[in-house]
Amino acid sequence: MSAIGVTEGSSQPALREAGVVPEFKDPHSTPKKKRRADRKGYAGTNNTNTWKHAFKTDWRLYTLLILPLLFLLIFRYLPMAGNVIAFRRFRPGSSIFGDEWVGMHYIEMFIQDPTFWRVFWNTIILGVLTLAICFPLPIVLALMFNELRSNKFKRIAQSISYLPHFMSIVIVAGMVLQLTSVNGTINQLISSLGGESMPFMQLPEWFRTIYVTSEVWQTVGWGTILYLAALTTIDPQLYEAARIDGANRWKQMWHVTIPGITPTMIVLLILNVGTFMAVGFEKVLLLYNPLIYETADIIATYVYRVGITSSNFSYAAAIGLFEALIGLVLILSANGIARKLGGNSLW
Amino acid sequence: MVTIPAEPGTKIEKDPRIGSRPTQTIKIKDSRSYTAFRAFNGIAIIVICAVTLYPFLNIVAQSFSSEGYINAGQVNLIPRGFNVTTFEVVMSDSMFWRNYANTVVYTVVATAIAMVLTTCFAYALSKRHLKGRSFFIGLAVFTMFFNGGLIPNYVLINAMGFTNTIWAIVLPNAISVFNLLVMKAFFENFSQELEEAAEIDGLTTYGILWRIVIPLSKAVMATMILFYAVSFWNAWFQAFLYLDRRELYPVTVYLRNLLAGATGTEQMGGAAGEGTQIASNVQSVTMLLTTLPIICLYPFLQKYFVRGIMLGSVKA
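The listed protein sequences correspond, in order, to chains B and E.
This note's numbering numbers the first residue of the first sequence as 728 and each following residue consecutively.
This note's numbering numbers the first residue of the second sequence as 69 and each following residue consecutively.
Next comes chain E alone, as it looks inside the complex (with noise of 0.2 angstroms):
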């Protein structure tokens, strides 16, 4: 979709010519100017680069604070009153856990999903000959552009039956289209002999499609399950939406609930301070464990990232 006039580029950082440079071949001096620039740069790159960890490890800093200190407004980057008693408490909290169990469920079976629709849509599009491709195209790309809108989807899912079911959070966004041009790309350069030589050898589409094509795409098959399951991981608004019993919600959820103060203070007992106000090491701890498998997987889930966004800026 998105115009770059490049090759596939999937290798950017190996890419040769990066590491030619015209300073590398022809050596100049660099103006003072520039030196300094140079500097400066480092400096201003430092600096942003802190800036944007500096949320995260506030977060972590308090998880390990006590109250009091946090409250005091005293707690930045180092714990202060260090203590895992939150751990424990929200730990402690079966429906953190069960919340917890929720996502991981939504995420493994709305991936699969999307993977299965994904693919086929994909597979059948990224034939050229295919009579009617361009009108399919056009009709999965328009999608990205107009909507339906909040209030149609709202009485759609209900009128079909699915709040309050594990069918509100899995389906309805099965399909990305994004995922989907990236994948046809990738399917439209798979080489066109080998498919032909399975066709000779008596293989069907289907046959194709899942013994040779399937296989040989590792790499996109594993990038577009990442790009969805993170999608589905940290996705909380058609849960809260459709679902209103507790022991449904995803974590995503339980921790809104608690970023809002609407829940946790019955179960959370007196660490979660008195009110309604939700202590903020509890909040902390929380959002520190809901984000932990992505912290956990980030340098592969980064490299993958990287890669199917590339793939997917080759014009479709």
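Just chain B, with the same shape it has in the complex (with noise of 0.2 angstroms):
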């Protein structure tokens, strides 16, 4: 990686200078006529398949390379290195990869905190639940309007549908905590049907409920848009086919619609299995306190508390690259999965 990463750097004088990236000339300073053979004339010859060839006529679109992936190295590759502290001692202060190995210090460490077994079980059951709600919810809403015979209900619906999409989290936070609030809307309706109002946000058991279902307001309407996509392109011979072999509206959704949205469904799911360990930490921040910590304390959430909030930066870093490592196994064995079993993955 590293090696190709520096040689593309055609912004980089001093490489080129040493030698290390092969010197070009100014394309212009070649007959316009030529350098127009140089791009697309000897194919088969092995010259145009050098870095040196590729420089030589492209050197424009890799000038064009050089702010994105020096963002990318930044502020994304930069802090990937940077999960080193969790081996080095890190003090505020120090350079952004820590001072001294210390080994899997801060690894046995989590592993012997109860807290951390904790949230980690926390965040596998709220990411279960999310996954098992929020996937399939979006299927079932997505064939309800294609059974909507107006148009312009159906596109009225869906407008409505789409609209907490566009939400920030921090009000979607804010309405969960009035709407669930001893005075708002849930327990009006408890008080009316004759219950107990219940001060919700302070009782972990409700935390689960409260955070799925906001989750599934948030994000079903906005999910159908792909499976409706989808949808579209099912060639209506096959309905017409399945209306000659006898088949009702049922079969007709069983048998054709439904197998014309799998791959859909297979992508949608990789990505949703891939992401499931990033359970919304935004959300949960905004919406969790103290009292619901039993339940609502999730893995990120604890790592904010542990190092940014307390300070201790390699004991968090540690936890967190645990997490974002399950992550990329998780979303990497969910498409060999998908591979094997129809073809359709992601890459």
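Hints are computed from structural coordinates only; laboratory data are not their basis.
Fair warning: there could be bad hints in the mix.
[To be verified] List time: in silico BS3-like cross-link candidates among lysine-lysine, alpha-carbon distance up to 30 angstroms:
1) K286(E) <-> K195(E)
2) K783(B) <-> K195(E)
3) K195(E) <-> K879(B)
4) K881(B) <-> K371(E)
5) K978(B) <-> K1067(B)
6) K1010(B) <-> K371(E)
7) K783(B) <-> K879(B)
8) K779(B) <-> K286(E)
9) K195(E) <-> K371(E)
10) K286(E) <-> K371(E)
11) K286(E) <-> K881(B)
12) K371(E) <-> K879(B)
13) K978(B) <-> K881(B)
[As the list claims (entries may be wrong)] Label-pair ranges, simulated between beta-carbon atoms:
14) E156(E) <-> L930(B): 32 to 42 angstroms
15) G270(E) <-> N776(B): 26 to 36 angstroms
16) L1068(B) <-> K371(E): 32 to 42 angstroms
17) I917(B) <-> G206(E): 49 to 59 angstroms
18) E827(B) <-> V119(E): 19 to 29 angstroms
Positions of the beta carbon are idealized from the N, C-alpha and C atoms, including for glycine.
Build the complex from these two chains, which are given one at a time in their own frames, with help from the hints.
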């Protein structure tokens, strides 16, 4: 990776002078006709496929890459490398890669930390619940939309269902807090039915329900879009053939519609499985409070408190790295399974 | 990235095939159970829409209600004790307007930076002959599945001295890989003949991008601008993490602190209620005002977002 990463940097005149990156001439110094010939001409010969040749013809395209690659390097890959502080002692003020090696010290620390295991299981439970409920519902809703005959009604309903997707997570959290507050709508309903009103956000046993419900509210409408797109690509002749074979609407849905959207379902399932450890950190951070840590505290929020609030950077980084690695393994294995099963995979 | 067996599905709603579902070509009477299902389905969708809209309407109702009715748990859809004093209170807070202005500035600057980086990146990556192309794409896509995590990012931003500056907000999320792939897919379908003609006329790569490709890609550019602008408008965590001076906050952090009951009382005066608990009508008004631009632009936003998602769903 690094070898290409360096060579690519036509931005680095020092390297070029040192002979690492080949010198190239301004293509404008060669006649235009020849340049065009260079680009297309001799595909069979072996000198068109060198970096030297590539820089010569496409140096302007490579200059367009400089800033974006710098961005990726600094804001994406540098923090990845910064994870070494999980194995090194880090003090505020030291280099971003820490001071000295401490080996597996922080790893052992979190393995022996009961709070870590509590937040670990909370994360898994919340992730599985979200996946199990928020993944199938958009499919159902898309099929329901698909059965509507009035296009106008369909359009309006879709527009309404997409709306929560555009709201800031802070607004969503605000709504949740208000609806579940002692004088909020849910408690109004409960007391009108003769029940006792409850301070939901102080009761650990309610957090998961509230979280998943709000997640459904926020994502289900928007989640239908890809399914609706897939539905429009199903060949109408298939429905006609099914009717001729005597299939009623249910059978048409089961044997034509569902198989038609299966590839989309698989891809979205992979994406969802891959990201299920990353349960809405920001949302939990906005919603939870110490009274409900028992069920609401997840790995990401624990990392936040340990690292940012208490400044145990190395320890928090170790936990964060662990979580990120699980996520990576999950998405790789989900993708592998999908590829084996049906040939539909992300890459 | 996401595979869908579709042509670039930009015009889903106008697809002629939709109108010709079998029901319209071959008239067969629906079975009774199917008619019953359709009725149930229509009602269910109305209920779903009502539930989706309810929290918004509740906030509007609370915004115009007096505190007493809210605390008594009597406000749901219709304002009780109608008044606009809460609006006056929130809007007279200079910190609210300052934070609102910050949000506007952050959104504009961040979107501009993001657009420049994403456009350059996507255009270069859309050239199939570019050597190293798949490596660069892989470099970007990998970051979708694995990232450095909170702590190393925090340490890095601090080490770069971005704390309490606009850069902590506008730089770290400048390229969204999803948007990048959408744009790349669009540029890949751009007319090769046109670009070649422009090249013969003496335009360089920069000229082609700036004078030919971008002006002819207004739809996708608008989509991307909206994608970025909405996400930056709604963002709060970066600001929450890296800014600790109140006058630098975006309005989302202002709202977050209001919800957490951490600030507000001193500027809000008596209207905010006694103690640290901020009155729900003040919260509601702030939520309403924060999200107002998005609600106003919504019909427009929705159209472009749907189109963008469709573009993005075509295998990149």
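Evaluation of the provided hints:
1. Of the pairs offered as hints, the one joining K286(E) and K195(E) holds, with about 20 angstroms between alpha carbons and a cut-off of 30 angstroms not exceeded.
2. Annotation: proposed proximity of K783(B) to K195(E) holds, straight-line Cα distance about 15 angstroms (limit 30 angstroms).
3. Distance restraint check for K195(E) and K879(B): the Cα-Cα separation of roughly 41 angstroms exceeds the 30 angstroms cut-off, and the hinted pair is therefore not satisfied.
4. Proximity of K881(B) to K371(E) is assessed by CA-CA distance (about 15 angstroms); at most 30 angstroms being required, the pair is judged to hold.
5. About 28 angstroms separates the Cα atoms of K978(B) and K1067(B), which keeps this hinted pair within 30 angstroms; it holds.
6. Of the pairs offered as hints, the one joining K1010(B) and K371(E) holds, with about 27 angstroms between alpha carbons and a cut-off of 30 angstroms not exceeded.
7. Restraint check: the Cα-Cα separation between K783(B) and K879(B) comes to about 56 angstroms, which exceeds 30 angstroms; the hinted pair is violated.
8. Proximity of K779(B) to K286(E) is assessed by CA-CA distance (about 35 angstroms); at most 30 angstroms being required, the pair is judged violated.
9. Proximity of K195(E) to K371(E) is assessed by CA-CA distance (about 28 angstroms); at most 30 angstroms being required, the pair is judged to hold.
10. With a CA separation close to 14 angstroms, the supplied pair K286(E) and K371(E) stays within the 30 angstroms bound.
11. Taken as a hint, the K286(E) and K881(B) pair is honoured in the structure, with Cα atoms around 28 angstroms apart against an allowance of 30 angstroms.
12. Distance restraint check for K371(E) and K879(B): the Cα-Cα separation of roughly 15 angstroms lies within the 30 angstroms cut-off, and the hinted pair is therefore satisfied.
13. Among the hinted pairs, K978(B) with K881(B) is consistent with the structure: their alpha-carbon atoms are about 23 angstroms apart, no more than 30 angstroms.
14. The hinted range of 32 to 42 angstroms is satisfied by E156(E) and L930(B), whose Cβ atoms lie roughly 36 angstroms apart.
15. Taking 26 to 36 angstroms as the suggested C-beta distance range, the pair G270(E) and N776(B) conforms, at roughly 28 angstroms.
16. A hinted range of 32 to 42 angstroms holds for the C-beta pair L1068(B) and K371(E), which are about 36 angstroms apart.
17. In this structure the hint that I917(B) and G206(E) lie 49 to 59 angstroms apart at CB holds, the actual value being about 53 angstroms.
18. One distance hint, 19 to 29 angstroms for the beta-carbon pair E827(B) and V119(E), is violated here, with the actual separation near 56 angstroms.
Hints 3, 7, 8 and 18 from the list above are not met by this structure, while the remaining hints are.
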